[in-house]
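So you can see what is in the structure, the chains are spelled out below.
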Amino acid sequence: MNVVDVSRWQFGITTVYHFIFVPLTIGLAPLIAVMQTVWVVTDNVAWYRLTKFFGKLFLINFALGVATGIVQEFQFGMNWSEYSRFVGDVFGAPLAMEGLAAFFFESTFLGLWIFGWSRLPRLVHLACIWIVAFAVNLSAFFIIAANSFMQHPVGAHYNPKTGRAELTSIVALLTNNFARAAVSHAIAGSLLTGGTFIAAVCAWWMVRSHRGSGDDDARTMYRPATILGCLVALTAAVGLFFTGDAQGKLMFHQQPMKMASAESLCDTQTDPDFSILTVGRQNNCDSLTRVLEVPYVLPFLAEGRFHDVKLQGVRDIQRDYQHRFGAGDYRPNLFVTYWSFRAMIGFLLVPVLFALVALWVTRGSRVPDKRWFSWLALLTLPTPFLANSAGWVFTEMGRQPWVVVPNPTGDQQVRLTVTEGVSSHAPGMVVTSLVLFTLVYGVLAVIWFSLLKRYVVEGPQEHDAEPAPPTPPGADEVAPLSFAY
Amino acid sequence: MALQQLWFGVLAVLFLGFLILEGFDFGVGMLMEPLARVGSGDRELHRRAVLNTIGPVWDGNEVWLLTAGGAMFAAYPGMYATVFSSLYLPLLAILFGMIVRAVSIEWRGKIDDPKWRRWADLGIAAGSWLPAVLWGVAFAILVRGLPVDAKHQVHLGVTDVLNAYTLLGGVATCGLFLLYGAIFVALKTSGPVRDDALRVAVWLSLPVTALVAGFGLWTQLGYGKTWTWLVLAVAVVAQLAAVALVFSRTHEGWAFLCTALVITAVVVLLFGALYPNLVPSTLDPQWSLTIDNASSSHYTLTIMTWAAAIFAPLVIAYQGWTYWVFRQRISADRIPPSIGLVRRAP
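Chains as they are written, first to last, in this note's numbering: chain A, 1 to 485; chain B, 1 to 346.
Only chain B is shown next, with the shape it has when bound in the complex:
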């Protein structure tokens, strides 16, 4: 059924939107502390400058994940049920991270006290590192497959979740988001913060290239299709272009676009490798969840297609507008003093 194929693409687009937008949110969160230490100048002002690059947008970016999850539930309930129940513990860790990140970002500035901020920074870091690594692991697990039986139940072992391929996936996405985040900070700031971000991006460039190339190649050789060779090529070219631009220390806007293209290519590679399966079975290919056997009815997919066709362009339009409204660069010296309440003695 055409709609079952279409929604595979829609799901891929929703997860892509999530990773393109939250990718730099995670990167920024991971780099908040390192960037403050790498440079000279007031660390707290540097931290706040970095955090405020995603200030107006991080919450809207996160919604892409919720919508991707909801769309999976609506379009492929079999996949939703199988994936989320079998990857219970990794998802639990991701959820923990996202919970503490949300409150840490919003509550950080509410009390003007170094110890309070320390805890918030810990929350932002945990809430950025955990998802950055674990989403890579999760997608790698999916592509590799799970021990799905004939009744679509999964009997999970540790090696299904943690093995060389999935760990490489986690490290690769983490590295990619670090680089992406550094470039984003360079794009959204000026002065010393921007210089520090570019320096960090330079340091990250070559290791991240190796990791992404390694994970990309392994995915292609192990699970890819013929046409996904082209996607891998795009990823490699875009990555090399990004590295070159980063080394030039200018045109960070183009470097950002190139890195975004790398993320896009990796997501397309992963979903391309997966298609037409949704959860490949490592026990017997006949038992895999596919777009045919795990999808909703034609009626539901039709309704959802209309909903997506109406709302997705709207969302992209007004979210895009937000980035335009807040396009100006931030510098550490223009961060106003904290408006948090002073901590009273207990």
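In isolation and in its complexed conformation, chain A is listed as follows:
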């Protein structure tokens, strides 16, 4: 294996792992804040219990989001040093701002939230979780703005004296039209994840509780939370549809090769059909058969029209790029690009269906008790996570071999391939880190899953049934802790 491939595998694996846990953090935080707000406003203890229950799950997840995130800050320098040199003047700024503005905010106020239950006044404590919710979303904004520069470089020009891209406008960088669509899309995806998580867990509990214990939790606690989760998931799905459409339309112009590959469109065509199924003996344009396709959809996806849309094909773009940028293979992995795009969309349908079913079976004041519904909930739980991963695989694998994609309407010299961007390490050293990260992350993911499962199955705990009385300020030096490690 050469160092480019190993480094790519490592970045792919570490980033996909990171983005398993992060959407749950970004999506759950505002929803927990909502739950705590409802408790503070209505004094209904069911919402306190929900806050503590999901708060505990949130913290189990947050730790692994942080742990896998630390690596990301360093990996650009460690494995992509030449990329870092080329884009550092532009790319470094949003990363540094993410730390200064978002990470400090979220970590500090989360510590206050975890440990401050009895120690801070109720409204101050509530503000802490809202700040965390805001800060994790702000973090998403900065990092996706940085990634958007890779997809569609704006606000920078190439400086031949220094041989690198240099920032000309921070405003242009942060208001990149691609970033606007991508940030909204990622946040919508996270809300889908958080909403589905709450809906599925509470739906499962609603059935279990209704069939079992004879207490009123199914009606007073789990049912309202399930409905909240479903409404959030459905709203998020609508958001995903519109933001995804916006991104798609931008990418047809800004990254034609990615979209051509996503559509298995090998040759330039006017008003091509949308492929529902394409198969091939080999992973390239020479052996494809478009098995199932429909007209009108693809021109609409690309430009919002049904006629007179000319879309470039993989072969034509490859020829054009070789002419403009020199010899090389500018085609991304066709199989992965095509299928990850479809997987992302396909997985979205599951939580949407579940939410509609859940809202139906809980209509009026119904409390479902059927086993099939609780199974449906469990099957739905992983699907937003799969959709998130498929989406990132699509957008990152689809931009290969570029690590900074040339902007068709910008400075053409602001471009870089993975081969040009990688650190020139001995492959063995990167294999070592790849193996280490994969093993460690794998073990931690198994523990993460087992902890979440145990805590979900355990349900809201006894000691979280009632809010603890506040500690009077200035009490004796040795005060009891509200939530000790």
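Just to be clear, a hint being listed does not mean it is correct.
Short derived list, chain A residues pointing at chain B, Cβ under 10 Å [claimed, not checked]: (1) 59; (2) 85; (3) 92; (4) 98; (5) 389; (6) 463.
Note that these hints are calculated values from the structure, not bench results. Glycine residues also receive a C-beta, built at the ideal position from the N, C-alpha and C atoms.
We have chain A already, so just place chain B on it with the hints.
Positioned in the frame of chain A, the structure of chain B alone reads:
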């Protein structure tokens, strides 16, 4: 350019913030097990008391490192690229440590089982010892220099990373963080845990003084400037004051401040020795990365200066507030029972 000089200072401040705050986090993590064994009384309660001294703050403290890394990327991308790629394996070990520490701290209390806790304690220990030693090694490597060629590429040999100077640096920072951590525990606890922490601090005082003095002197003589003699003097005076206060077994607050001052002085000494280089070249001084040849453009540095000027005071304010909110001392007898789930048979 003035901004290039300013950002050298900003980077130093960010790394200083990291070491001042995570210094005692590392120390506490390293001392969790030893303090439990040194004293009498329930070991698990002692461990938890020690861990909870950093409970609300360790995550926010860690962000200083992420921000320092991000700032290095933004202000001196050449340095970021060269340092992080050439120090690949030491950084990998540090990252491994920080990953396991983060999950170990957060997940430790989730299952009420001694074997589970054992693994978490191992993670906290590894995740505290590794960075405590390796950050010292890393800064020593930086000050000493790397074999940077004319194209700013590094051809690393083992002796560039592991030699007497860098190893001394690692042991010195590790010792300093142990002492700092012990004083911090004494400051944040009461009862037997505090007494044990003060005892450990007393034991550590003289060896750590020797190590810090040795590393400080070597840094000054080998790489220092004229003005950094003053910084070394401050470090020595502060260290002696800290030792005296530790021996007095009272005023641990002042002992903490003095040790923090020692760390500050060591960081200023290291960065002062480095200036105006960012990565000195051991092959040819002409090939060194400097604040002039490895920095971002004037525009980027201006933007970053505004961002730092707005957010850094805010961060210091609300992080400072956190320490005030959780200022009360912790004692082992007030640690509530574990709220972890009982481990079920497999």
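Evaluated hints:
no., hint, in the structure
1, 59, "holds, 6 Å"
2, 85, "holds, 5 Å"
3, 92, "holds, 3 Å"
4, 98, "holds, 7 Å"
5, 389, "violated, 20 Å"
6, 463, "holds, 6 Å"
Hint compliance for this structure: hint 5 is the single one not met.
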